[in-house]
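Q: Top to bottom, those sequences are chains W and V. Anchor point for the first sequence: position 198 equals 198 in our numbering, and the numbering is continuous, going up by one each time. Anchor point for the second sequence: position 497 equals 497 in our numbering, and the numbering is continuous, going up by one each time.
Keep in mind the hints are simulated off the structure, nothing from the lab. Any given hint could turn out to be false.
What the hints assert, rightly or not - Only pairs whose alpha carbons sit at most 30 Å apart, straight line, appear in this in silico DSS-like list of lysine-lysine:
#1 V:K261 <-> W:K166
#2 W:K166 <-> V:K208
#3 V:K532 <-> W:K166
#4 V:K264 <-> V:K208
#5 V:K139 <-> V:K93
#6 V:K136 <-> V:K410
#7 V:K264 <-> W:K166
#8 V:K208 <-> V:K93
#9 V:K181 <-> V:K136
#10 V:K75 <-> V:K303
#11 V:K399 <-> V:K361
#12 V:K180 <-> V:K208
Stated by the list, open to error - Away from chain W, derived, C-beta distances all over 10 Å, residues of chain V:
#13 D73
#14 S254
#15 V270
#16 A393
#17 W519
#18 G530
From the three backbone atoms N, C-alpha and C, an ideal C-beta is built for every residue, glycine too.
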Amino acid sequence: MGASGATGLAGYLVKRLLGMLLLLAGVTFVVFGMMYLAPGDVTVMLAASSPSQEQVAAIRREFGLDQPPWVQYGMFLRRAVQGDLGDSWIDRRPVMPQVLDAFLYTLRLAAVALALSVALGTAGGIVSAVRHRSVTDESILTVTLLGISVPVFVTGLLLIYTFAFKLGWFPTSGAGTWRHLVLPACTLASFLTAYNVRMTRACMLEVLGQDYVRTARAKGVRELLVLGRHALRNALVPMVTVIGLQVGLLLGGSVITETVFGYPGVGQLVVSAISARDTPLVQACVLVTASGFILVNLLVDVSYVLIDPRIRLP
Amino acid sequence: MRRRISRWVLGLVASLACVLVSVSGASAQDQPRRGGTLTVITPSDVSTFDPHPAVGFSVRVFANIYEPLFRKDEKGVLHGHLAQSWRFLDPTKLQITLRKGVKFHSGNEFTAEDVKFTYERQLNPADLARDAAVIKMVKTPIQVVDRYTLVIETREPNAALVDTLAQSLATLIPDSGEIKKWGKDYGLHPSGTGPFKFVEWVRGQHVKLARNADYWNGPPYLDFLVFKVVPEEATRVLALESGEADVLFETPPSAIASLRKNPKLRVNRVPTYRDVDVHWNAMKAPTDDARLRRALSQAIDVKSIVEEVITADIGQVATGLFNPSVFGACDVGFPVYNLARAKQGLAELGYRPGKDGILEKDGRPLTLTLVVNPQRDPRNGEVAEAIQAQLRAVGVDMKVNANEFATYMKILQSPEGDYNMIFHGYGVATADADLKATFFLSTNLPPAGQNSPRFASPELDGVILAAQRDASKDKRKELYCKMGQIYRDQALGLPLYASFRNTSAQANVNGLVLHPDEWYTQTYTRAWLGPKP
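Generate coordinates for the entire structure from the input sequences, incorporating the hints supplied.
A: See the structure below:
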């Protein structure tokens with residue numbers, strides 16, 4: 001990539017990052033709107049047993065709930081621009097440290113689940129494509145069908161029952177050590193791997209039928225090189241797109257997996273924040289995960305250029 | 001002969017050995033042992049360790065750090081706790097003398113100023129204490145007589161005042177010095193007088209408390225008390241069964257039978273102060289007609305619903321407005337099921353079968369709405385469906401409107417009250433009927449309060465207030481019976497069941513105090529771990 005290419009990339013990144021800010025503002029607007037329209041509010045959660053009118057009024061005043069919605073949203077945006085996403089309405093402490101803590105847990109779980117699913121999914125997909133219509137192919141497809149169809153909470157509970165309760169190899173729930181990561185990561189990976197196998201298989205089958213692969217084989221290139229250098233590299237673009245989307249989804253936290261395993265990630269945090277009508281905490285959770293999602297998508301777009309030099313950034 | 005003697009000696013030695021083993025076994029089992037960590041599983045995390053703004057399950061955790069002035073034991077007998085003695089100076093003034101030499105975990109001494117600070121903070125609307133309403137009868141400022149004596153004054157005579165201050169939910173006393181020192185951050189630096197001290201809080205994972213070696217009432221046996229957060233019900237059960245946790249405070253009903261069969265575990269069924277009712281809305285047509293409410297109430301077979309849906313593990317059929325463990329409980333003739341009378345009553349009111357068998361009057365079908373929050377207990381949703389089916393059998397179209405907590409509360413307290421029937425569960429933490437009875441005052445009609453039957457009458461107000469003010473226990477009990485009768489005669493609703501709690505624990509966990517109060521402060525104070533079987 002020459003100097004002009006580098007300038008082009010920088011310009012592209014600046015444009016995308018500016019777009020990201022607009023997108024995030026849109027996200028906060030949607031979240032605010034949904035929380036505002038949801039029935040019930042934080043006063044109910046904070047003063048559950050017959051609160052006095054003065055108490056309800058005091059709570060509404062403190063959190064600015066007595067202001068019109070556009071004023072509330074404006075106040076939120078003004079603070080957010082200054083890097084302050086506010087305090088939780090429930091525990092009165094800044095929301096950002098809580099959300100970042102949870103996000104780090106989610107990040108760890110996502111990384112392990114993704115590594116597992118990409119490694120197993122790619123390998124399974126290649127084997128399945130190479131052994132097209134064989135018993136191996138059919139067996140892999142059947143297993144992946146199971147992976148896609150069995151709900152995550154069933155997989156999770158089965159893994160806990162077998163590996164935590166019966167065999168005692170891993171803890172049933174919690175976080176903090178690598179042993180806590182194994183079962184939730186496998187649960188998430190079982191679902192993602194199944195998708196990745198099927199997608200890799202489909203991409204590889206298409207590429208393996210191309211002329212350049214036949215040519216490479218005719219030239220006597222070793223099969224491993226044919227698969228790795230000629231077939232897989234050309235199959236990567238759609239795979240990276242889907243994996244990128246999976247990363248985005250994982251960063252949002254897998255609510256069900258995190259709940260089953262009592263894993264303190266951002267998915268669990270946002271659900272409890274929504275139940276408690278803790279708008280600042282919900283906003284912060286969504287902002288952090290949406291930023292992660294947008295950044296990963298940006299990286300995926302940039303990675304196309306590296307994978308396939310024919311692709312140019314707009 | 002020698003052989004006979006040796007056999008005799010051998011027999012004696014063997015018998016002695018058996019006795020010694022059994023004695024040592026017995027002592028190992030029965031004598032409390034110091035040390036160990038007790039892990040309790042909890043479905044949700046603590047919101048803060050500041051007892052005033054804290055919500056929900058937080059209390060079950062920090063009730064081990066903080067204590068109230070009084071407490072009621074599991075048999076309902078009232079004791080002084082941080083209060084050494086007390087007496088009413090007149091019907092509205094309670095003088096309390098505090099226990100001397102009690103220290104907070106910070107080292108500060110517990111004094112009357114801490115009590116004054118606590119209650120005044122709770123009652124200040126700007127301080128946003130969650131359950132301030134529980135002590136709203138207390139007048140501020142509170143008068144401190146000396147370092148260990150104070151006088152609490154109420155607006156009106158209140159016979160249940162000491163019982164109110166004996167519950168853990170809203171009367172725990174934090175360290176005022178530390179609150180002033182830490183300000184907004186106090187919630188991360190809690191200091192109380194309780195048997196356990198705060199060690200760490202890993203958000204979303206666990207809370208760790210340690211033995212307070214200087215506890216004024218004798219230090220606990222356990223070294224550590226850990227509350228582990230496990231949101232998923234099935235995982236909580238597996239965590240107990242795998243031995244990762246020692247106590248499951250509320251056993252899911254679906255797991256009770258299987259856990260009972262597990263020889264490593266004990267499941268204890270405990271009565272609670274909670275009961276679950278359904279109330280009619282006496283302000284919304286057509287249930288604003290007491291005759292219709294009466295007929296509809298007679299069409300609901302509460303006994304069969306409780307026996308089939310709730311089951312004997314979880315609750316017993318209610319016969320009155322208050323849980324039988326609560327002072328003031330009275331059998332007022334519930335359940336009132338009588339299908340023939342129900343049909344007759346509906347016919348007398350002019351309801352005739354219309355399209356699809358739904359009763360009609362003046363061309364309008366008898367369509368009602370039942371609001372339920374199945375979040376706290378999914379079986380309430382099933383009970384709602386059973387009520388719906390039974391009413392459908394007499395031609396009433398009851399729509400079930402299931403909502404999560406915040407929405408449910410919004411409907412309950414909305415001025416318009418968009419329901420004909422609503423579920424309402426009460427945990428009467430004071431073990432005195434007054435706490436529940438006051439919900440029915442006309443001053444608590446929504447949106448001001450949670451008078452969910454939306455019924456106001458001077459007669460009912462008079463009975464509730466008289467029961468609140470009368471110092472005579474017999475008279476108060478009589479008045480609460482009368483209240484139950486008014487509730488029944490006006491057909492304001494149907495008491496469904498008094499709840500049981502099923503606490504499961506490893507067989508080597510001893511000394512748990514399984515109190516009817518779900519927020520009780522002394523549950524783990526005398527708990528100890530025996531050898532694992």
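Q: Taking the hints in turn, state whether each one holds.
A: Verification of the hints:
{"no.": "1", "hint": "V:K261 <-> W:K166", "in the structure": "17 Å, holds"}
{"no.": "2", "hint": "W:K166 <-> V:K208", "in the structure": "27 Å, holds"}
{"no.": "3", "hint": "V:K532 <-> W:K166", "in the structure": "18 Å, holds"}
{"no.": "4", "hint": "V:K264 <-> V:K208", "in the structure": "25 Å, holds"}
{"no.": "5", "hint": "V:K139 <-> V:K93", "in the structure": "10 Å, holds"}
{"no.": "6", "hint": "V:K136 <-> V:K410", "in the structure": "22 Å, holds"}
{"no.": "7", "hint": "V:K264 <-> W:K166", "in the structure": "15 Å, holds"}
{"no.": "8", "hint": "V:K208 <-> V:K93", "in the structure": "40 Å, violated"}
{"no.": "9", "hint": "V:K181 <-> V:K136", "in the structure": "27 Å, holds"}
{"no.": "10", "hint": "V:K75 <-> V:K303", "in the structure": "27 Å, holds"}
{"no.": "11", "hint": "V:K399 <-> V:K361", "in the structure": "18 Å, holds"}
{"no.": "12", "hint": "V:K180 <-> V:K208", "in the structure": "24 Å, holds"}
{"no.": "13", "hint": "D73", "in the structure": "24 Å, holds"}
{"no.": "14", "hint": "S254", "in the structure": "13 Å, holds"}
{"no.": "15", "hint": "V270", "in the structure": "23 Å, holds"}
{"no.": "16", "hint": "A393", "in the structure": "32 Å, holds"}
{"no.": "17", "hint": "W519", "in the structure": "12 Å, holds"}
{"no.": "18", "hint": "G530", "in the structure": "22 Å, holds"}
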